[in-house]
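**Student:** Sequence:
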Amino acid sequence: MTVSKRIGQNVKLVKQAVVLLKNTNRIRKGNRYKFRPNKKFRRETALSHKEIAFLGSSVTYGAVSRGQSFVEYLREEYGVNTHKSAKSGTTLSGNVASRYGKSYVMRLRDDFKDVKHLDAFVCQLSTNDGRFDRHLGEIIESKHIQDFDVETTIGAIEYIIAYIYNRWDCKLIFCTCLRQSDPYYEYLIETLYRLSDKWGFDIIDIKHHKRANKMAKKDKTMMADDAHPTFKGYRYIYTPIFVKYLLKYFDQ
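Residue numbers for the sequence shown follow my numbering, beginning at 1 and rising by one.
Some hints could be false.
[What the hints assert, rightly or not] Computed cross-link-like contacts, DSSO-like style, restricted to lysine-lysine with a CA-CA straight-line distance of at most 30 Å: (1) K29 - K198; (2) K198 - K218; (3) K220 - K39; (4) K113 - K198; (5) K171 - K244; (6) K34 - K198; (7) K40 - K244; (8) K210 - K34; (9) K248 - K218; (10) K34 - K50; (11) K116 - K210.
[Unchecked claim] Label-pair distances were calculated between CB atoms; the ranges are: (12) H117 - N25: 42 to 48 Å; (13) G89 - K34: 27 to 33 Å; (14) Y249 - D147: 42 to 48 Å; (15) S48 - F132: 23 to 29 Å; (16) R109 - K218: 39 to 45 Å; (17) D226 - K143: 32 to 38 Å; (18) D226 - A46: 29 to 35 Å; (19) G101 - D182: 30 to 36 Å; (20) S48 - K143: 18 to 24 Å; (21) R109 - S196: 18 to 24 Å.
The set of hints was computed from the structure by calculation and includes no laboratory data. Computed from a prediction, not measured in an experiment: that's the story for all the values here. C-beta: ideal position from N, C-alpha, C; glycine also.
Please model the entire structure based on the sequences and the hints provided.
**Tutor:** Have a look at this one:
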């Protein structure tokens, strides 16, 4: 190896170390104890004692915040009875578990077996299907659950919708997540709006929420990277958006 190549590699390693150190520092600052869910802040609202289920991947799980996300804030501080199934790295589609775990479709069937009643169901629109090159599929006219191809992303979404409506007949909300420019995810969000026209569910579109994007950009300690919030990010970005939407719905 030439001296110039060795120097180039060393420079690259130093740059990577600097980036890692910066990320570690901002994660540590964003995950300070004072930002975590706290029962001391519990208040009685229209959300108290509501039964709400959450299905998702890393953002719903809390990948860089000790497995706690907006779900735990809703439970600890707003008294929501939460039912959570979230696994980092998992896709919407698939009938066979990946190395990261069961897909949304599989966990929907397996993890909520004992849940008899729900006031609402929240499903995170995953970015992982695109990352793992899952077949996109297409919207079909049918609303019969047996007609949806769960090996495709859109088929899996329609299966999830039909399953929730058939099983619990409750309010259904899909949520998008903050993320840097991603053409696949943008197209999936556009498709989600078309599916909303077909099925009548609601969308909490955090990906295009101007204030959320502004806050994440201004305060780097709110996000570990472009997609994953710290405790601070969940407290000040994600949770208030969910609370505002859910209060508006349940106060009707």
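**Student:** With reference to the structure, classify each hint as holding or not holding.
**Tutor:** Each hint, compared with the structure:
With a CA separation close to 43 Å, the supplied pair K29 and K198 exceeds the 30 Å bound. Only pairs whose Cα atoms come within 30 Å are accepted, and K198 paired with K218 is rejected, the gap being roughly 37 Å. Of the pairs offered as hints, the one joining K220 and K39 holds, with about 26 Å between alpha carbons and a cut-off of 30 Å not exceeded. Distance hint between K113 and K198 is fulfilled; the C-alpha atoms sit about 27 Å from each other, no more than 30 Å.
Note on K171 and K244: the hinted pairing holds, with a Cα-Cα distance of about 16 Å set against a maximum of 30 Å. Taking the CA atoms of K34 and K198, the gap is near 43 Å; set against the 30 Å cutoff, the hint is violated. Only pairs whose Cα atoms come within 30 Å are accepted, and K40 paired with K244 is accepted, the gap being roughly 20 Å. For the hint pairing K210 with K34, the CA-to-CA distance comes to about 26 Å; that is within 30 Å, so the pair holds.
Note on K248 and K218: the hinted pairing holds, with a Cα-Cα distance of about 28 Å set against a maximum of 30 Å. A threshold of 30 Å between alpha carbons decides the hint, and for K34 with K50 the separation of about 26 Å falls inside it, so the pair holds. Of the pairs offered as hints, the one joining K116 and K210 is violated, with about 37 Å between alpha carbons and a cut-off of 30 Å exceeded. Take H117 and N25: their Cβ atoms lie about 45 Å apart, and the range 42 to 48 Å holds.
Separation of G89 from K34 is about 29 Å and conforms to the stated range, judged on CB atoms against 27 to 33 Å. For Y249 and D147, the hinted distance range of 42 to 48 Å is not satisfied, since their beta carbons lie about 30 Å from each other. Separation of S48 from F132 is about 39 Å and departs from the stated range, judged on CB atoms against 23 to 29 Å. The given range of 39 to 45 Å is respected by R109 and K218, whose C-beta atoms sit roughly 41 Å from each other.
Judged by the Cβ atoms, the range 32 to 38 Å given for D226 and K143 holds: they are separated by roughly 35 Å. Between D226 and A46 the beta carbons are some 33 Å apart, a value that agrees with the proposed interval 29 to 35 Å. Taken as a hint, the range 30 to 36 Å is violated for the pair G101 and D182, whose Cβ atoms sit roughly 22 Å apart. Our hint of 18 to 24 Å for S48 and K143 is violated, since their Cβ atoms are close to 34 Å apart.
Under the hint 18 to 24 Å, the C-beta atoms of R109 and S196, about 23 Å apart, fit the expected range.
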